[in-house]
Amino acid sequence: MPEDPINASSKAVPQINLRRRLVNAAVTFAAVGAVILVLTPLVAIFGYLVYRGVGSVNWAFLTQTPKPVGEAGGGMANAIAGSAFILLLASLIGVPFGIGAGIYLAEYGRNRFGDAIRFTADVLNGVPSIVIGIVAYGIVVLTQRHFSALAGGVALSLMMIPTISRTTEEMLLLVPNSLREASYGLGISRWRTTLSITLRTATSGVITGVMLAFARVAGETAPLLFTAFGNQYWNYRIDQPTAALPLQIFTYAISPFDEWHRQAWAGALVLIVLIVVSVSAVRIAASRGMLKGAN
Amino acid sequence: MTPEPGTEIGIQVENLNAWFGKTQALQDISMNVAAKHATAIIGPSGCGKSTFVRCLNRMHETVRDARVMGRVRIGELEVYNGTPAVYVRRHVGMVFQKANPFPTMSIYDNVAAGLRLNGFSDRRKLDEIVENSLKMSVLWDEIKGDLRKKSGASLSGGQQQRLCIARALAVEPQVLLMDEPCSALDPISSGKIEDLIFQLKEHYTIVIVTHNMQQAARVAEYTGFFLLGRLIEFDKTEKIFTTPSEKRTEDYITGRFG
Chain A
130 MPEDPINASS KAVPQINLRR RLVNAAVTFA AVGAVILVLT PLVAIFGYLV YRGVGSVNWA
190 FLTQTPKPVG EAGGGMANAI AGSAFILLLA SLIGVPFGIG AGIYLAEYGR NRFGDAIRFT
250 ADVLNGVPSI VIGIVAYGIV VLTQRHFSAL AGGVALSLMM IPTISRTTEE MLLLVPNSLR
310 EASYGLGISR WRTTLSITLR TATSGVITGV MLAFARVAGE TAPLLFTAFG NQYWNYRIDQ
370 PTAALPLQIF TYAISPFDEW HRQAWAGALV LIVLIVVSVS AVRIAASRGM LKGAN
Chain B
72 MTPEPGTEIG IQVENLNAWF GKTQALQDIS MNVAAKHATA IIGPSGCGKS TFVRCLNRMH
132 ETVRDARVMG RVRIGELEVY NGTPAVYVRR HVGMVFQKAN PFPTMSIYDN VAAGLRLNGF
192 SDRRKLDEIV ENSLKMSVLW DEIKGDLRKK SGASLSGGQQ QRLCIARALA VEPQVLLMDE
252 PCSALDPISS GKIEDLIFQL KEHYTIVIVT HNMQQAARVA EYTGFFLLGR LIEFDKTEKI
312 FTTPSEKRTE DYITGRFG
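Taken in sequence, the protein lines are chains A and B. As numbered in the numbering used here, residues 130 to 424 make up the first sequence, in order. As numbered in the numbering used here, residues 72 to 329 make up the second sequence, in order.
Derived from the structure by calculation, the hints contain no laboratory data. Check each hint, because a few of them may be wrong.
[Said to hold, decoys possible] Quick partial rundown of chain B residues pointing at chain A, CB under 8 Å, derived from the structure:
#	residue
1	K107
2	V157
3	F167
4	R238
We treat Cβ as the ideally placed atom computed from N, Cα and C, and that holds for glycine.
All chains, please: the whole structure from these sequences, using the hints.
In structure tokens, the structure reads:
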């Protein structure tokens with residue numbers, strides 16, 4: 130009599146189960162291990178920054194300008210404000226151009242010209258940031274004959290544009306074509322479809338790209354060295370040398386004074402916290418506008 | 072073939088040819104579609120059914136390297152010959168195989184999209200149109216409480232498809248093109264859409280592409296059979312399904328191929 134196929138295979142079940150369970154455990158372990166490996170340096174850096182920096186973060190640090198060498202106290206208020214100012218300028222230039230280029234690449238750029246732009250953007254993404262600084266020096270500083278906040282903003286925007294345009298392109302391409310067709314089918318023009326349907330559907334992804342670019346340039350020092358230049362005092366003008374947190378940290382960190390070292394740590398901590406806060410704020414604001422069930 | 076004498080002609084197609092790159096997808100299609108009736112387009116996969124309806128509202132040309140030649144008239148409107156595509160599409164509604172509500176928009180905004188994004192902004196009139204369109208597509212009673220709260224994408228598949236029909240109706244088209252509107256739906260939802268087609272054809276000229284021959288027999292007065300990019304036979308639905316004059320039509324509807 131032939132063996133019952135169901136019962137025959139059931140004998141092997143415990144073995145298969147054991148093997149499956151082992152493989153399952155191993156893969157889970159590997160995945161968790163990878164996450165820990167990635168998070169460890171991040172947590173370690175942040176923890177060490179808090180450890181070294183938090184002692185020097187106080188009201189004076191956040192509200193005063195730097196004191197001359199030898200005097201205790203003082204702060205980086207002008208550098209915090211300067212960084213915010215330069216980043217605002219960089220975003221005002223970089224975000225519209227970046228998103229605009231991304232829209233072109235995704236919706237119209239399926240041709241040689243588009244390929245050329247994509248290639249350029251990718252190369253630009255890999256250019257050392259100090260070279261970007263030199264370019265901004267050449268374009269803005271030399272023509273204005275001034276180091277300025279504007280020059281710093283231009284340098285950082287040049288770094289934002291390739292990242293934003295490529296992520297915007299990717300996000301727009303993720304929007305299903307059926308939505309574009311639905312819109313065309315209603316007699317909605319192409320540019321309207323792009324703005325009100327495609328871009329709107331991709332909003333959260335586009336914002337992620339923008340914040341990624343923002344966070345990246347917020348900590349950049351090299352492009353600001355000979356553009357924004359730095360400043361020991363308050364500056365409210367777009368065409369004057371302006372302090373920036375990364376520059377101030379750099380200056381203080383390579384100085385021979387202990388007090389300045391402590392302030393550099395505090396500056397680094399404040400910079401990271403400000404980046405996290407601004408990125409989170411934008412994300413929360415963006416998700417407020419979303420509907421239930423969307424995305 | 073032309074509809075019975077006395078029936079108004081809704082869509083007039085003359086020598087329509089369409090290509091994807093070098094591949095010809097439609098060859099010399101000529102047919103007169105009766106106004107305010109439902110016309111079904113049947114045929115095996117790849118026979119040009121979808122391409123045909125997409126030529127009626129200039130959607131075919133949105134595909135890369137796609138070309139069209141021939142003449143199509145919808146009432147007084149010349150679909151080709153210089154009329155802007157955007158203008159044509161405002162008069163021809165389209166419902167797609169897979170429901171495609173705009174995911175970032177509320178139910179209300181989905182229905183209003185066609186008008187709003189074309190610059191229509193009279194709020195009170197818009198409320199009225201949205202309500203009427205949703206009633207017309209028999210979705211109103213199910214969603215009226217969530218009109219602005221819920222995203223179009225949060226509805227069930229069948230509801231989404233009726234939402235898409237409401238969206239198409241809101242721009243007040245003369246013609247409604249339906250490209251396999253039920254093929255992604257369960258039988259109950261399909262039944263609802265079929266009931267809907269019955270009501271809609273009192274006001275609109277409907278062309279429905281379908282893979283389901285029973286569905287064609289149920290909803291359409293006229294049926295066209297496509298094969299390899301040609302219109303093989305076009306006649307009253309009854310005739311097509313009982314006494315087709317072409318051998319190939321008979322082979323297809325009796326399930327010998329396709």
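Status of the hints after comparison with the structure:
1. About 21 Å separates the beta-carbon of K107 (chain B) from the nearest beta-carbon of chain A, more than 8 Å, and the hint is not met.
2. At a threshold of 8 Å, the smallest CB-CB gap from V157 (chain B) to chain A is about 5 Å, leaving the interface hint in force.
3. Taking 8 Å as the C-beta contact cut-off toward chain A, the hint placing F167 (chain B) at the interface holds, the least distance being around 6 Å.
4. Here the hint on R238 (chain B) is kept, as its CB sits about 7 Å from the closest CB of chain A, short of 8 Å.
Consistency note: the structure conflicts with earlier hint 1 alone.
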